[in-house]
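So the chains spell out like this:
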Amino acid sequence: MSLLEVDDLHVSFSTPDGVLRAVRGISFAVDPGETLGIVGESGSGKSVSTQTIVGLTQGARISGTARFEGKDLLTMSESELRTVRGAEIAMIFQDPLSSLHPHYRVGWQIVEMIRAHEAVSKKEARKRAVELLGLVGIPSPSQRVDDFPHQFSGGMRQRAMIAMALALNPKLLIADEPTTALDVTVQAQIMALIKRLQKEFGTAVIMITHDLGIIADIADRVMVMYAGKPMEYTDKRTLYHQPHHPYTEGLIGSLPQQGGRGSPLKSIPGLPPSLLRVPKGCPFHPRCVYAMDRCAGEEPPMRQVSGGLDHRSACWLPPEAVGTTTDIVVTRQELARQGRSSAQEESA
Amino acid sequence: MLRFLVRRVIFGVVVLWIVATVVFAMYFIAPHDVARTLAGRQANAETVAAIRHNLGLDRPILSQYGSFLWKALHGNLGYSYSNSESVTSLIGHGLPVTVSLVVGGALLWLVLGVTTGVLAATRPRSVVDRTTTGFALFFYSMPTFLLGEVLLLLLFFRLHLVGIDWFPGAGFVPFSENPLQWARYLILPWLTIALVTAATYIRLTRGSMLEVMGEDYIRTARAKGLRKRRVIYRHGLRAAITPVLTQFGIDVGTLLGGAIVTENVFGLPGLGQLVISSLAKQDLPTVIGLVLLASAFVVVANIIVDILYSVLDARVRLS
Ligand SMILES: Nc1ncnc2c1ncn2[C@@H]1O[C@H](COP(=O)(O)OP(=O)(O)O)[C@@H](O)[C@H]1O
Ligand SMILES: [Mg+2]
Numbered sequence: 018m019s020l021l022e023v024d025d026l027h028v029s030f031s032t033p034d035g036v037l038r039a040v041r042g043i044s045f046a047v048d049p050g051e052t053l054g055i056v057g058e059s060g061s062g063k064s065v066s067t068q069t070i071v072g073l074t075q076g077a078r079i080s081g082t083a084r085f086e087g088k089d090l091l092t093m094s095e096s097e098l099r100t101v102r103g104a105e106i107a108m109i110f111q112d113p114l115s116s117l118h119p120h121y122r123v124g125w126q127i128v129e130m131i132r133a134h135e136a137v138s139k140k141e142a143r144k145r146a147v148e149l150l151g152l153v154g155i156p157s158p159s160q161r162v163d164d165f166p167h168q169f170s171g172g173m174r175q176r177a178m179i180a181m182a183l184a185l186n187p188k189l190l191i192a193d194e195p196t197t198a199l200d201v202t203v204q205a206q207i208m209a210l211i212k213r214l215q216k217e218f219g220t221a222v223i224m225i226t227h228d229l230g231i232i233a234d235i236a237d238r239v240m241v242m243y244a245g246k247p248m249e250y251t252d253k254r255t256l257y258h259q260p261h262h263p264y265t266e267g268l269i270g271s272l273p274q275q276g277g278r279g280s281p282l283k284s285i286p287g288l289p290p291s292l293l294r295v296p297k298g299c300p301f302h303p304r305c306v307y308a309m310d311r312c313a314g315e316e317p318p319m320r321q322v323s324g325g326l327d328h329r330s331a332c333w334l335p336p337e338a339v340g341t342t343t344d345i346v347v348t349r350q351e352l353a354r355q356g357r358s359s360a361q362e363e364s365a
Numbered sequence: 180m181l182r183f184l185v186r187r188v189i190f191g192v193v194v195l196w197i198v199a200t201v202v203f204a205m206y207f208i209a210p211h212d213v214a215r216t217l218a219g220r221q222a223n224a225e226t227v228a229a230i231r232h233n234l235g236l237d238r239p240i241l242s243q244y245g246s247f248l249w250k251a252l253h254g255n256l257g258y259s260y261s262n263s264e265s266v267t268s269l270i271g272h273g274l275p276v277t278v279s280l281v282v283g284g285a286l287l288w289l290v291l292g293v294t295t296g297v298l299a300a301t302r303p304r305s306v307v308d309r310t311t312t313g314f315a316l317f318f319y320s321m322p323t324f325l326l327g328e329v330l331l332l333l334l335f336f337r338l339h340l341v342g343i344d345w346f347p348g349a350g351f352v353p354f355s356e357n358p359l360q361w362a363r364y365l366i367l368p369w370l371t372i373a374l375v376t377a378a379t380y381i382r383l384t385r386g387s388m389l390e391v392m393g394e395d396y397i398r399t400a401r402a403k404g405l406r407k408r409r410v411i412y413r414h415g416l417r418a419a420i421t422p423v424l425t426q427f428g429i430d431v432g433t434l435l436g437g438a439i440v441t442e443n444v445f446g447l448p449g450l451g452q453l454v455i456s457s458l459a460k461q462d463l464p465t466v467i468g469l470v471l472l473a474s475a476f477v478v479v480a481n482i483i484v485d486i487l488y489s490v491l492d493a494r495v496r497l498s
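Top to bottom, those sequences are chains E and D.
Residue numbering for the first sequence follows our numbering, beginning at 18 and increasing consecutively.
Residue numbering for the second sequence follows our numbering, beginning at 180 and increasing consecutively.
Here chain E stands alone, though its shape is the one from the complex (with noise of 0.2 Å):
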């Protein structure tokens, strides 16, 4: 049995502006001691879901289900949530400097976290934060944790926010762009502690990305997810080897390594669309390089494409369509054209 599986997750917000659909229908699962990473561009909707499974959106429109070990997390009480929440279902953010308290000291947070769930002494609490601290590499942890989160560094204070989200053992880390505030040498840190203490607790980890580059590094099996929508769903290998969808292959040829030495960065032309207003059809078609007229009709569903065992993508392009070899984009774009002109043909 999967440890979290969520099926058809829909969530939507009422703005002033009208009903903003941040999550329009994903489903994913991930194994004990596995890795799920979740890649997309910024505002695609990977903070929204794995929040909202841990019952952290609020006023959102929310359907679907998010079983954690057989039982609907979405539909828990909220006393029920606040057991798992932390204690078998930990978090980590983006920015670990706003993320901590500004007015309690690194380990009294920490200490904070253990007695929510445990009835603790809190010495045997602060013993434990201590620890902790010392785990994920904080110098002199008996002294550092008495101090206040903008004492410590960016790196300390992501360390300790691991620190503080590992202090339960927890059976799932949702890892929310952990290294995105950071600088480049600190980035590489923490995603081998986060490895680290993966192996030493087999805790599974969703890591939460908008860089393929971290996914090759941590991830089992990745979602790409674009306006709300998973796009592709396979194990890393099939993704970077046996892409199927135009998306991906964007974001690949993004990644800074493919373009090789002297070749300039290709980034996907174009922005995302507003949530508030998603086009018809596949949702990254005005975008696509290789959009056919069924494309701006008819939205895709997920299928089963040839890449891999269990590779699912949202793309309208045969299922045989993978790969990122020359001679495939160049079939691709031979489909394309066909998909184009046979329209042209028939309104003729």
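Incorrect hints may have been included.
To be verified - In silico DSS-like links for lysine-lysine, alpha-carbon gap of 30 Å or less:
#	chain 1	residue 1	chain 2	residue 2
1	E	140	D	250
2	E	253	E	212
3	D	407	E	88
4	E	253	E	216
5	D	407	E	139
6	E	216	E	88
7	E	140	E	216
8	D	250	D	407
9	E	144	E	212
10	E	144	E	216
11	E	216	E	139
12	D	407	E	144
Keep in mind the hints are simulated off the structure, nothing from the lab.
Since the structure of chain E is provided, determine the placement of chain D with the ligands on it from the hints.
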């Protein structure tokens, strides 16, 4: 941090010195010749001159200024023109009354304002929010004297007519004499001051809380699985309270110089009443003493607020 506080204290002293200088100048731009006024209409020139000499008004200005500052520094604010009493002792009578009124009222409005503000902020646009905002605005837009009179009419006069004397209409009993009576005489004035002022604190708390509750560290607190109350008070209010307490310090400091309207409506013999009567009698030394005292309260309140700020915020304290 310490350097900052020393700077603030020096700045406060300079402000007080400027205030003292300005009020000293009032002696000379006063509309009347003080000595003549004191001497009475029938007095001849010699009497007036004698009085002038007694008051030291015939000495060079600078020497007068020097001795004025010197005496004020030692708590000697001279003698009242109209009462045969030192200004210091007049203030000594009024101060306990005003302090009783202001401290009680302030605690009441702080508790009222902050709890209501938190309630409104945690349920924005709800019935609770709208009702409290409505009430707050109602009392906020009401003049203090009107609210005082209405409370008197309803809770003193009406009840008095039917033989219930829970709330006295006017007067003051010192705390040291009888704490219960002290409180009984002050309930209506406290209510008046608190209701009029609470609105500001509701709005301040609500706004500050709404901002704080959207912060990332509140999301962290909720992600930790803490109870809602703990998230709101230990995490939210802890961060949101700073601007509220800043305003509180300044408001209390200002009112301690005399809550003129409330004292007047409820016949409380505090500093506010003293301000009114000494102005009416053109009792210049008393007026000057009260102005100096009120300024000192404001200056001290500001320094306390600064200290409080650094106590409340580690980022300020440790920088
Ligand atoms: N509380 C909210 N109210 C209204 N819109 C929101 C709210 N939270 C997020 N959104 C919107 O939902 C969309 C998805 O946001 P998010 O999940 O944060 O994206 P990502 O994490 O992928 O960058 C964005 O357009 C964002 O503006
Ligand atoms: Mg995000």
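Results for each hint:
no.: 1; hint: E/140 - D/250; in the structure: violated, 57 Å
no.: 2; hint: E/253 - E/212; in the structure: holds, 16 Å
no.: 3; hint: D/407 - E/88; in the structure: holds, 22 Å
no.: 4; hint: E/253 - E/216; in the structure: holds, 18 Å
no.: 5; hint: D/407 - E/139; in the structure: holds, 21 Å
no.: 6; hint: E/216 - E/88; in the structure: holds, 26 Å
no.: 7; hint: E/140 - E/216; in the structure: holds, 29 Å
no.: 8; hint: D/250 - D/407; in the structure: violated, 57 Å
no.: 9; hint: E/144 - E/212; in the structure: holds, 24 Å
no.: 10; hint: E/144 - E/216; in the structure: holds, 23 Å
no.: 11; hint: E/216 - E/139; in the structure: holds, 29 Å
no.: 12; hint: D/407 - E/144; in the structure: holds, 27 Å
Hints 1, 8, counting from the list given before, are not met by this structure.
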